[in-house]
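Undergrad: Line order of the protein sequences matches chains X and G.
Here numbering that gives the first Met the number 0 is used: the first residue of the first sequence is 0, the next is one more, and so on.
Here numbering that gives the first Met the number 0 is used: the first residue of the second sequence is 0, the next is one more, and so on.
Hints were generated in silico from the structure; no laboratory data involved.
For clarity, every value in this text was computed on a predicted model and none was experimentally measured.
Note that the Cβ used here is the ideal one computed from N, Cα and C, for glycine as well.
Worth double-checking, as some hints may not be accurate.
Claimed, not checked - Reference excerpt, derived from the structure (chain G facing chain X, CB under 10 angstroms, subset only):
| hint | residue |
| --- | --- |
| 1 | 188 |
| 2 | 205 |
| 3 | 209 |
| 4 | 228 |
| 5 | 229 |
| 6 | 233 |
| 7 | 244 |
| 8 | 247 |
| 9 | 431 |
| 10 | 436 |
As the list claims (entries may be wrong) - With beta-carbon atoms standing in for the labels, derived distance ranges:
| hint | chain 1 | residue 1 | chain 2 | residue 2 | range |
| --- | --- | --- | --- | --- | --- |
| 11 | G | 219 | X | 57 | 48 to 56 angstroms |
| 12 | G | 223 | X | 285 | 53 to 61 angstroms |
| 13 | G | 396 | X | 57 | 21 to 29 angstroms |
| 14 | X | 13 | G | 494 | 54 to 62 angstroms |
| 15 | X | 140 | G | 494 | 36 to 44 angstroms |
In case you want the letters, here they are:
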Amino acid sequence: MLAYAAKRLGVALLVALTVSLITFSMIYMSGDPAIAIAGEGARAEDVEAIRKFYGFDRPIAVQYLDWLAGALKGDLGRSYTLRQPVAGVILARLPVTMILGASAMTFALVLAIPLGVVAAVRPNSMVDRFALALAVVGQAMPSFWFALTLILWLGVHWRVLPITGSGSWQNFVMPAVALGYYVTPAVMRLTRAGVLEVLSSDYIRTARAKGLRPMTVLFKHALRNAIIPVVALAAVQFGFMLGGSIVIETIFQINGLGYLAWESIQRKDLPTMQAIVLVLSVIYVGLTLAADLLNAFLDPRLRVA
Amino acid sequence: MKRRNHLYPAVAGLIAALSIAAAPVEAGKNTDTLVWATDRDNPIADPYYLNTRELVVIGHEVWDTLVIIDPKTADIKPLLATKWAWVGPTVLEMELRKDVKFHSGKVLDADDVVYTLNHASNKENAIANYALLAWIKNAEKVDEGKVRINLDRPFPPALAYLAGLGFIMQKGHYDNAPLRPDGKKDFGAVKPNGTGPYKITEVKPGESILMERNPLYFKDGFKGDPKISKILFRTIKDGNTRTAELMTGAIDWLWDVPKDQAERMEANPAIVVENAKTLRVAYLQFDATGQSGQKFFADKRVRQAVAHAIDREAITKNLVGPASQVIHAACHPDQFACSEDVQKYAYDPAKAKALLKEAGFADGFAFDIYAYREREFTEAVIGDLVKVGLRPRLNYVQYTAFTENVHKGRTPIAHGTWGSNSVPDVSAIAAHFFSQGPDDLTKDPEVARLIGEADSLTDPDKRKAAWHTVLSRIAAEAYWVPLFTYAKYYAYSKDLDFTPTADEIPQFFAAKWK
Numbered sequence: 000m001l002a003y004a005a006k007r008l009g010v011a012l013l014v015a016l017t018v019s020l021i022t023f024s025m026i027y028m029s030g031d032p033a034i035a036i037a038g039e040g041a042r043a044e045d046v047e048a049i050r051k052f053y054g055f056d057r058p059i060a061v062q063y064l065d066w067l068a069g070a071l072k073g074d075l076g077r078s079y080t081l082r083q084p085v086a087g088v089i090l091a092r093l094p095v096t097m098i099l100g101a102s103a104m105t106f107a108l109v110l111a112i113p114l115g116v117v118a119a120v121r122p123n124s125m126v127d128r129f130a131l132a133l134a135v136v137g138q139a140m141p142s143f144w145f146a147l148t149l150i151l152w153l154g155v156h157w158r159v160l161p162i163t164g165s166g167s168w169q170n171f172v173m174p175a176v177a178l179g180y181y182v183t184p185a186v187m188r189l190t191r192a193g194v195l196e197v198l199s200s201d202y203i204r205t206a207r208a209k210g211l212r213p214m215t216v217l218f219k220h221a222l223r224n225a226i227i228p229v230v231a232l233a234a235v236q237f238g239f240m241l242g243g244s245i246v247i248e249t250i251f252q253i254n255g256l257g258y259l260a261w262e263s264i265q266r267k268d269l270p271t272m273q274a275i276v277l278v279l280s281v282i283y284v285g286l287t288l289a290a291d292l293l294n295a296f297l298d299p300r301l302r303v304a
Numbered sequence: 000m001k002r003r004n005h006l007y008p009a010v011a012g013l014i015a016a017l018s019i020a021a022a023p024v025e026a027g028k029n030t031d032t033l034v035w036a037t038d039r040d041n042p043i044a045d046p047y048y049l050n051t052r053e054l055v056v057i058g059h060e061v062w063d064t065l066v067i068i069d070p071k072t073a074d075i076k077p078l079l080a081t082k083w084a085w086v087g088p089t090v091l092e093m094e095l096r097k098d099v100k101f102h103s104g105k106v107l108d109a110d111d112v113v114y115t116l117n118h119a120s121n122k123e124n125a126i127a128n129y130a131l132l133a134w135i136k137n138a139e140k141v142d143e144g145k146v147r148i149n150l151d152r153p154f155p156p157a158l159a160y161l162a163g164l165g166f167i168m169q170k171g172h173y174d175n176a177p178l179r180p181d182g183k184k185d186f187g188a189v190k191p192n193g194t195g196p197y198k199i200t201e202v203k204p205g206e207s208i209l210m211e212r213n214p215l216y217f218k219d220g221f222k223g224d225p226k227i228s229k230i231l232f233r234t235i236k237d238g239n240t241r242t243a244e245l246m247t248g249a250i251d252w253l254w255d256v257p258k259d260q261a262e263r264m265e266a267n268p269a270i271v272v273e274n275a276k277t278l279r280v281a282y283l284q285f286d287a288t289g290q291s292g293q294k295f296f297a298d299k300r301v302r303q304a305v306a307h308a309i310d311r312e313a314i315t316k317n318l319v320g321p322a323s324q325v326i327h328a329a330c331h332p333d334q335f336a337c338s339e340d341v342q343k344y345a346y347d348p349a350k351a352k353a354l355l356k357e358a359g360f361a362d363g364f365a366f367d368i369y370a371y372r373e374r375e376f377t378e379a380v381i382g383d384l385v386k387v388g389l390r391p392r393l394n395y396v397q398y399t400a401f402t403e404n405v406h407k408g409r410t411p412i413a414h415g416t417w418g419s420n421s422v423p424d425v426s427a428i429a430a431h432f433f434s435q436g437p438d439d440l441t442k443d444p445e446v447a448r449l450i451g452e453a454d455s456l457t458d459p460d461k462r463k464a465a466w467h468t469v470l471s472r473i474a475a476e477a478y479w480v481p482l483f484t485y486a487k488y489y490a491y492s493k494d495l496d497f498t499p500t501a502d503e504i505p506q507f508f509a510a511k512w513k
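Just need the whole structure built from these sequences, with the hints factored in.
TA: Rendered as structure tokens:
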């Protein structure tokens with residue numbers, strides 16, 4: 000198990016490093032950062048002065064190695080535009096994104112697991128069809144459109160929820176629903192499939208034969224086993240939510256990590272972009288690693304592979 | 000069933016709780032706070048160190064310039080300076096008001112002006128718009144209330160540039176700027192301190208900037224007494240979200256509203272929608288030297304064919320807005336010395352086809368066109384070009400990529416826009432694009448020479464005549480296809496008494512509640 004964990008950790012670190020290298024290169028390929036910082040209407044002399052001032056005139060490899068050396072020492076650099084150490088900015092924004100991710104995941108799990116269980120207990124029933132429809136709509140509907148629909152009804156017409164900001168819990172209701180709904184189908188279908196499979200297994204038949212109450216069989220014996228892959232999926236999806244909340248954070252003007260990433264990309268704020276990608280990829284890789292290890296712990300056959 | 004009976008009050012209670020929580024909105028007449036929003040994030044609040052339109056707007060609320068342009072007449076009016084005189088072609092002397100105080104309480108004097116202008120015109124200090132003040136050689140104190148500005152060359156529009164961007168800082172403002180890790184000073188991080196009608200009381204980097212009325216603001220100045228207690232700038236990236244916030248009263252003022260949304264908002268009695276002209280113009284710029292590798296536009300007849308092919312009236316009327324107008328010269332008609340009395344290219348597809356045939360392109364040709372702003376405008380241009388047999392390939396990119404491609408000479412046609420940094424003088428646009436700089440795709444030495452001559456003349460009439468020669472040559476050679484002036488849609492609360500201005504610098508200091 001230890002060797003397996005070490006191997007997975009090594010792969011995870013390599014992934015994080017590769018991601019940072021690719022990001023660095025892509026940022027340069029997408030345009031000159033000096034022009035972005037100088038802004039619209041700036042003249043050539045201004046752009047040249049900025050290029051020199053920030054050291055963009057040095058070879059890209061030198062700039063990357065400089066950044067990497069700093070990052071390894073825990074110094075993520077200083078934001079060109081926010082004029083603050085990047086680590087501090089990220090620490091300030093990360094909790095907002097975590098709250099959004101956690102609320103969205105809670106919404107997704109609270110909606111998806113009961114629906115998945117009911118759909119499995121009564122396959123091909125109206126509830127199952129409803130769950131299927133919900134899953135299809137959830138997968139097909141773009142999150143920005145769903146978000147705007149929520150704003151239109153809950154924010155503009157009924158005015159029951161604030162549209163933008165992150166100052167109170169009410170600010171998180173619409174974003175959490177919009178973000179969580181996208182994850183709901185995968186969790187629900189996996190719960191349904193898992194419960195369906197477990198319900199037809201021998202030990203469930205035995206449990207029923209012993210005369211246990213249907214609810215006890217379902218929740219104590221079936222769901223406990225069926226939920227294991229859902230936990231692993233939820234861990235990975237949580238990572239996806241943290242990294243993929245850019246659209247939702249932008250629409251609802253939530254000042255989290257996703258929104259910061261968007262701002263930084265627009266302004267070609269290299270240190271901030273690099274740091275965000277690093278932090279998010281480490282979180283994502285960490286969650287995937289945790290899911291791998293959890294699965295390996297539960298299923299010894301995986302450790303051999 | 001009992002359970003179900005309890006469900007409705009619970010849901011109603013939840014909705015009520017949410018409503019109460021969502022109700023307080025810090026915007027509008029009731030809180031005497033004007034909230035305006037755009038999509039740009041402004042992580043700092045120093046207009047010298049971040050080049051955004053928002054900070055130019057905020058700059059004029061929080062700081063004062065020596066002189067100011069009256070947006071109604073485009074005349075230069077006194078602000079911090081009471082009077083001024085050209086002592087020689089390169090020496091400008093200005094006398095200062097004596098009753099002006101910074102937000103810190105310090106009285107403004109010549110030392111502050113000298114400090115600011117010497118800081119801004121020093122290339123080492125890397126202000127964001129250095130080139131716009133680079134004509135300043137240095138500034139010196141004559142006495143407590145008088146400064147002398149020395150220019151490194153005759154520069155007639157100097158006062159217009161000072162009015163647009165010469166925000167006066169307190170002496171020593173940048174001296175104690177925090178250091179960056181590389182040991183250089185981070186000037187943009189200094190706490191704002193101006194003399195303007197509003198003072199900045201809170202900056203949430205990238206989120207909002209809060210300004211409060213300055214009780215020490217001098218009386219009887221051009222800007223008058225500020226009427227509204229607080230002005231809050233917010234960044235809201237998404238256009239639909241901004242509109243939704245305006246409709247719910249969470250913000251009071253928007254601009255750059257798309258035409259279709261503006262027309263829908265006109266039906267809302269709580270919102271005033273206005274279309275007002277701006278100094279920004281749209282143009283097509285040709286690669287007249289063939290450096291992009293697509294050499295079609297090195298032929299004047301092809302350039303003229305493109306100019307004849309585009310129905311600018313239709314684009315202006317149907318897409319831009321009623322305050323927009325078609326232009327024929329490489330400048331905005333409101334700018335000093337801009338003359339529309341140049342060769343005009345009427346919409347004439349038959350003539351365009353004939354010119355293409357004459358140039359040997361009877362079957363048209365395929366080429367790349369680059370654009371970064373309103374995609375629908377570029378698509379309309381493309382539609383017209385297709386009608387005369389041309390086959391444009393659209394490269395719709397971010398502004399940074401657009402500029403980079405122009406600078407590297409990769410753009411056979413660039414569909415750009417230019418706001419002239421709100422300077423109402425022809426040199427702010429035509430000199431920028433035709434003086435052999437990186438934005439000059441024409442590289443015509445004769446045009447550059449003529450511009451050099453025109454911009455060295457201080458006599459207004461001679462200057463106008465010289466610029467007319469420049470603009471006539473640009474039009475005759477069809478180096479540019481000037482398209483139209485931009486018109487902006489503003490949308491704001493009906494409670495707000497506000498007048499848009501063409502310089503794209505909304506004067507919130509003059510706004511009040513009805």
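Undergrad: Each hint needs a verdict: does it hold in this structure or not?
TA: Structure-based check of all given hints:
{"no.": "1", "hint": "188", "result": "holds (4 angstroms)"}
{"no.": "2", "hint": "205", "result": "holds (6 angstroms)"}
{"no.": "3", "hint": "209", "result": "violated (14 angstroms)"}
{"no.": "4", "hint": "228", "result": "violated (21 angstroms)"}
{"no.": "5", "hint": "229", "result": "violated (17 angstroms)"}
{"no.": "6", "hint": "233", "result": "holds (8 angstroms)"}
{"no.": "7", "hint": "244", "result": "holds (6 angstroms)"}
{"no.": "8", "hint": "247", "result": "holds (6 angstroms)"}
{"no.": "9", "hint": "431", "result": "holds (7 angstroms)"}
{"no.": "10", "hint": "436", "result": "holds (5 angstroms)"}
{"no.": "11", "hint": "G:219 <-> X:57: 48 to 56 angstroms", "result": "holds (53 angstroms)"}
{"no.": "12", "hint": "G:223 <-> X:285: 53 to 61 angstroms", "result": "holds (58 angstroms)"}
{"no.": "13", "hint": "G:396 <-> X:57: 21 to 29 angstroms", "result": "holds (25 angstroms)"}
{"no.": "14", "hint": "X:13 <-> G:494: 54 to 62 angstroms", "result": "holds (59 angstroms)"}
{"no.": "15", "hint": "X:140 <-> G:494: 36 to 44 angstroms", "result": "holds (37 angstroms)"}
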